[in-house]
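Residue numbers (the numbering used here), protein chains in the order written: chain A, 1 to 511; chain B, 1 to 341; chain C, 1 to 335.
Hints in this document: simulated from the structure, not taken from any laboratory.
Be careful, since some hints might not be right.
Unchecked claim - Some chain A residues flagged as far from chain C (calculated, every beta-carbon gap over 12 Å):
# : residue
1 : F16
2 : Q372
3 : E489
Unchecked claim - Mimicking SDA-like on lysine to any residue, the simulated pairs with C-alpha atoms at most 20 Å apart in a straight line are:
# : chain 1 : residue 1 : chain 2 : residue 2
4 : A       : K375      : C       : L189
5 : C       : K192      : A       : E378
6 : A       : K309      : B       : R320
Each residue gets a CB set at the ideal place from its N, CA and C atoms; glycine is no exception.
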Amino acid sequence: MSTKILLQLEGVSKEFPGVKALSGVDLCLRKGEIHALMGENGAGKSTLIKVMTGVYKRDSGVMKLNGKEIQPKSPLEAQQLGISTVYQEVNLCPNLSVAENIFIGRQPRKWGMIDWETMNRRSEELLARLDLYIDVKQQLSMYSVAIQQMVAIARAVDISSGILILDEPTSSLDTNEVKQLFSLMKKLREEGMGILFVTHFLDQVYEVTDRITVLRNGTLVGEYKTEELSRTQLVSHMIGREWNPDELSGEKSNKTASAEQFLRANGLSKKGSINPFDLTIRKGEVLGLAGLLGSGRTEIARLIFGIDKSDSGVLELGEEKIAAMSPQKAIKYGFGFCPEDRKVEGIVGELTIRENIILALQAKNGLFSYIQTKKQKEIAQEYIELLKVKTPGTEQRIDNLSGGNQQKVILARWLATQPRLLILDEPTRGIDVGSKTEIRKLIFNLAASGISILIISAELEELVNCCDRIVVLRDRVQIGEIAGSDMNENRIMQMIAEGAGVYGKSGVIGA
Amino acid sequence: MKALRIRVSSNNIIILATLLLLVLLYGAGSMMYTGFFSMQVFLNLFIDNAYLIIVATGMAFVIITGGIDLSVASVVALISMVSASLLEQGMNAYVVMSISLLVGIAFGAGQGYLIHRFQLHPWIVTLAGMFLGRGIAYLIGTESIVVKNETYTKISSYKINLFGGGFISISVVIALLFVILAILVGRYTGFGRAVYALGGSERSSVLMGLSVGNTTIAVYTLSGFCSALGGIVFTFYMLSGNSLHLMGMEMDAIAACVIGGILLTGGFGYLIGPMFGVLCTGIIQTIIIFQGTLSSWWTKIVIGFLLFLFMALQRLIVMRKEKGGNATQITRKIAKNNVKM
Amino acid sequence: MASLASSVRRVTKYKIVWPLLAMAILYLFNLIVVPGFFKIEVIDGHLYGSLVDVLNRGTPLIIMAIGMALVIALEGIDISVGSVLAIAGSMAIFMLEGHSLWVAILASLVIGLLCGLWNGMLVSILGIQPMVATLILLTVGRGIAQLITNGQILTTTNKGYEFIGKGYFLGLPFAVYIAAAVFIIIYLLKTKTAFGLFLEATGANRKSSEYAGVKPRAIFMSAYAICGLLAATAGIIYSSNLSSADANNAGLWYELDAILAVVIGGTSMRGGRFYLGGTVIGAIFIQSLTTTIYSLGVPPESILLVKAFVVILVCLIQSDAFRQMLTFKRKVTTS
Numbered sequence: 001m002s003t004k005i006l007l008q009l010e011g012v013s014k015e016f017p018g019v020k021a022l023s024g025v026d027l028c029l030r031k032g033e034i035h036a037l038m039g040e041n042g043a044g045k046s047t048l049i050k051v052m053t054g055v056y057k058r059d060s061g062v063m064k065l066n067g068k069e070i071q072p073k074s075p076l077e078a079q080q081l082g083i084s085t086v087y088q089e090v091n092l093c094p095n096l097s098v099a100e101n102i103f104i105g106r107q108p109r110k111w112g113m114i115d116w117e118t119m120n121r122r123s124e125e126l127l128a129r130l131d132l133y134i135d136v137k138q139q140l141s142m143y144s145v146a147i148q149q150m151v152a153i154a155r156a157v158d159i160s161s162g163i164l165i166l167d168e169p170t171s172s173l174d175t176n177e178v179k180q181l182f183s184l185m186k187k188l189r190e191e192g193m194g195i196l197f198v199t200h201f202l203d204q205v206y207e208v209t210d211r212i213t214v215l216r217n218g219t220l221v222g223e224y225k226t227e228e229l230s231r232t233q234l235v236s237h238m239i240g241r242e243w244n245p246d247e248l249s250g251e252k253s254n255k256t257a258s259a260e261q262f263l264r265a266n267g268l269s270k271k272g273s274i275n276p277f278d279l280t281i282r283k284g285e286v287l288g289l290a291g292l293l294g295s296g297r298t299e300i301a302r303l304i305f306g307i308d309k310s311d312s313g314v315l316e317l318g319e320e321k322i323a324a325m326s327p328q329k330a331i332k333y334g335f336g337f338c339p340e341d342r343k344v345e346g347i348v349g350e351l352t353i354r355e356n357i358i359l360a361l362q363a364k365n366g367l368f369s370y371i372q373t374k375k376q377k378e379i380a381q382e383y384i385e386l387l388k389v390k391t392p393g394t395e396q397r398i399d400n401l402s403g404g405n406q407q408k409v410i411l412a413r414w415l416a417t418q419p420r421l422l423i424l425d426e427p428t429r430g431i432d433v434g435s436k437t438e439i440r441k442l443i444f445n446l447a448a449s450g451i452s453i454l455i456i457s458a459e460l461e462e463l464v465n466c467c468d469r470i471v472v473l474r475d476r477v478q479i480g481e482i483a484g485s486d487m488n489e490n491r492i493m494q495m496i497a498e499g500a501g502v503y504g505k506s507g508v509i510g511a
Numbered sequence: 001m002k003a004l005r006i007r008v009s010s011n012n013i014i015i016l017a018t019l020l021l022l023v024l025l026y027g028a029g030s031m032m033y034t035g036f037f038s039m040q041v042f043l044n045l046f047i048d049n050a051y052l053i054i055v056a057t058g059m060a061f062v063i064i065t066g067g068i069d070l071s072v073a074s075v076v077a078l079i080s081m082v083s084a085s086l087l088e089q090g091m092n093a094y095v096v097m098s099i100s101l102l103v104g105i106a107f108g109a110g111q112g113y114l115i116h117r118f119q120l121h122p123w124i125v126t127l128a129g130m131f132l133g134r135g136i137a138y139l140i141g142t143e144s145i146v147v148k149n150e151t152y153t154k155i156s157s158y159k160i161n162l163f164g165g166g167f168i169s170i171s172v173v174i175a176l177l178f179v180i181l182a183i184l185v186g187r188y189t190g191f192g193r194a195v196y197a198l199g200g201s202e203r204s205s206v207l208m209g210l211s212v213g214n215t216t217i218a219v220y221t222l223s224g225f226c227s228a229l230g231g232i233v234f235t236f237y238m239l240s241g242n243s244l245h246l247m248g249m250e251m252d253a254i255a256a257c258v259i260g261g262i263l264l265t266g267g268f269g270y271l272i273g274p275m276f277g278v279l280c281t282g283i284i285q286t287i288i289i290f291q292g293t294l295s296s297w298w299t300k301i302v303i304g305f306l307l308f309l310f311m312a313l314q315r316l317i318v319m320r321k322e323k324g325g326n327a328t329q330i331t332r333k334i335a336k337n338n339v340k341m
Numbered sequence: 001m002a003s004l005a006s007s008v009r010r011v012t013k014y015k016i017v018w019p020l021l022a023m024a025i026l027y028l029f030n031l032i033v034v035p036g037f038f039k040i041e042v043i044d045g046h047l048y049g050s051l052v053d054v055l056n057r058g059t060p061l062i063i064m065a066i067g068m069a070l071v072i073a074l075e076g077i078d079i080s081v082g083s084v085l086a087i088a089g090s091m092a093i094f095m096l097e098g099h100s101l102w103v104a105i106l107a108s109l110v111i112g113l114l115c116g117l118w119n120g121m122l123v124s125i126l127g128i129q130p131m132v133a134t135l136i137l138l139t140v141g142r143g144i145a146q147l148i149t150n151g152q153i154l155t156t157t158n159k160g161y162e163f164i165g166k167g168y169f170l171g172l173p174f175a176v177y178i179a180a181a182v183f184i185i186i187y188l189l190k191t192k193t194a195f196g197l198f199l200e201a202t203g204a205n206r207k208s209s210e211y212a213g214v215k216p217r218a219i220f221m222s223a224y225a226i227c228g229l230l231a232a233t234a235g236i237i238y239s240s241n242l243s244s245a246d247a248n249n250a251g252l253w254y255e256l257d258a259i260l261a262v263v264i265g266g267t268s269m270r271g272g273r274f275y276l277g278g279t280v281i282g283a284i285f286i287q288s289l290t291t292t293i294y295s296l297g298v299p300p301e302s303i304l305l306v307k308a309f310v311v312i313l314v315c316l317i318q319s320d321a322f323r324q325m326l327t328f329k330r331k332v333t334t335s
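The whole structure should be built from the sequences, with the hints applied where relevant.
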């Protein structure tokens, strides 16, 4: 293996208003290697990649390409330098043809006009290299996401001259497609290309990579040779231990979940989003949903809260059977939902903390039973104190708060409605350790007071420590449930990894 | 026409519906009124609407990028006024035409620059442009100015005879040539494809290294140019300049695009569509004229209604696409995890 | 708490400071350049003068702008208000032939409400961009008005109807009281019901609001409906003031004025917070500007031009990119 360094980053930092996304991160990509970039959500992987590809401008640090310092200002410039990227989401134009997506911006010309025939032919040749045989004249949106992803990779490979960044390209591919992709990656490695590979799947890392760089909370944990790093070590590097589980385990064992059933989901499903699942939540119980990104965990929450409409199945709430749920209805039944994407789906940034807290309660009460401003302030103040929101007062704009405090305000919004069920989608994502601990404590207290809680988290130890029961999901299928002494991270990982032989069933292989 | 290879069925639905509507309307007109089914009545559709074909085609480019240009009608009026007043002062006709085109280009480029550089809503900028255009035209004069220039009157009255007894005007030739050119640009140039890419996904276009800024500015410049060309053709047709010409024509242009299958959300549509859309509205106008007793206001109302119908149709198609495209929705959701707090 | 209260006050002040400042400059200009601008005479117990004129002529705009503010708070727009004004005016005067005053007014308001609901339906249910959705009514509306008037300019001699736009009550034009009433009603709706909260929340973040249980569609519908209703109210005053309804020219270009009033008043085109007081000030400012241009003897045709520039200017000031450019330039010059 050559040791020539293609791309080197030293001490790269990037700050967004209120958040230090990267601080002093190093990365070293060598010629002819596949280099994994690992880290949990919010570790700064995507930010780092966006810095490398010129989407973001780094605040400080050095980036050298073949020993020469570079500062790409746009993806185009990065591309011209030879750094091409395939992003997590398909960044192509769904309305254009496959061939066009591969060649847009650099179409072959004949007499100054785009030569469609050459373009289509060359696209076919290129895709054949990836063992992909599809009609390149078809519109991209006609194909499955997996195919779209392969097209994006084909485009990147064709443009790239040395460096290829793959940002979680496998999250939407099935086993065969992943294999196909890996053989291509290995081929490219032999050709001397440096590939930076971001993924969540441990197996894939060990299957294909040479080196691993681990990030956590925007800082560098370290660079390791893949063969020298055990899986356990890798996981512990990635997740780390930020809070002491002993601190809370006492409280947890004190609590006895009541046997009274609160909510039952019977064969609820939505095509292309989640296969039919059954779920029972008891009163005062903390139920966890475990699974990787895209496993259907968020989709379940959205179905229960009525944001997405189910194709089949029914929700049973005591005696009542509800087929068509909607957020308004859900709130009437005493549900609350803290969404995963706080900024887009949670807070109303322009409004004050008071207004953000009061919003759901007011919506529940209706248009005309207006809560007087004075009363609003009292309610807001009460919850600010209860949840220890760090703010000078109720009339601050919510977008001036830190992520953790914003999350507390969203929690306060639901607590003000006196909920019976709280659905928390990644409640501690991207917030500081202190707030994390506080929110987890709060979850116990709420459950102890009889509120049922459905919690989704990518951090398995969070689930293990908070939940009474955990439902495990994989590829949009409910694959099992664990409780009691069975409940540990390894067991969950194992379930996700083995997946009861359903793997690949739901993935779509196009053409 | 070979460029229009059939690619997407949901795209074709609208343009097929438009063609069907065209045939139905023309058939209905022919059945109801004697003399309707004649070569010349059909050719008159082109003669009367040559300017609109040009303007709507320019608008189509803007709409395909996902924008809108509300200033087109007032630019046409402005150009009619500028040409008429310059010609009145005895300026050479061809110089006037060049000046007109330059005015249109500058107007469009200015709008595009504001929209791109300051990330303003296209409609608020072009709405201001709409008022600006009329405002300048008012300043030039509030009265109608008749064009007596020889070149203009000659072009205006020149008839190109066709086989079968009909004739068309030079304006029609200009309009048709323009449409062909537009189709070629849309299909065979980097700019044309960038326009479609931009309408498909602005984010992807940026990440794929397309120059979104230049494309945005260029597309509004093109629309300004089309309005100016439309203005010249319109001046041939009316032989007068008036600041009140074509009030509300921007809706006709948008309607022509929508009826012609250009999706208002951007990214989809054939550039020949607007011409069919214009023919549809033209036939409606002709029918109302043949009918004789209905007031001309019915034209606007019927076109408005038609616009509404096609918008609803588009909406249905988009909704069906969204339902069918669940897979892509999920990826988008995954993508959102990327957003840092 | 005290510092917070004062900072909040500072922010609210900040928003209304702009239109007030603009107005102060304009009036200062008038004080110097236009003699007699501030003269107010009492004739027959009525107040007369340029200022009263501004208030009187400005009422349709004030009322319309208040409706527009609600729509803009939802990141929407309603460019059909001028046409709705024409429809409502035509309807009222058409109905006065053979119907009582109240029936005429009611019919006019109902048709305005229908227009608003139509726009709201297109925007909230069909999901069409507000601009294009209301564009339909902008052009079709004048056609409808033409149909009502049968292509003629309708006139009326109904004294009761004329009182609405021309009459005086306690020394002030009666229309001013209508505008005040509209303002108070909408203000109460904003502050004494949850409507204001829902509207601002939906405008600022539709998704979050929906997930918090607000029904965005209902909010959109009601905002557009109110906007239509208020445009009709403005139409009644406008036509009553002229004792006639002109389907072609009534309220022509008013949509721009209304948008401008709202934006000058501090409400962002991107939705969210809206300011009723600022909107009213903005509307009065625009009317003052128009009156000033008239009294200066500048060709009235240039008004459109001036307003187009003001719109762009105000939008630029609200644009982040523009502000960044300004600060950047400043940095460059200092370095």
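We went through each hint and held it up to the structure:
{"no.": "1", "hint": "F16", "result": "holds, 15 Å"}
{"no.": "2", "hint": "Q372", "result": "violated, 9 Å"}
{"no.": "3", "hint": "E489", "result": "holds, 31 Å"}
{"no.": "4", "hint": "A:K375 - C:L189", "result": "holds, 18 Å"}
{"no.": "5", "hint": "C:K192 - A:E378", "result": "holds, 17 Å"}
{"no.": "6", "hint": "A:K309 - B:R320", "result": "holds, 15 Å"}
Of the hints listed earlier, the one the structure fails to meet is number 2.
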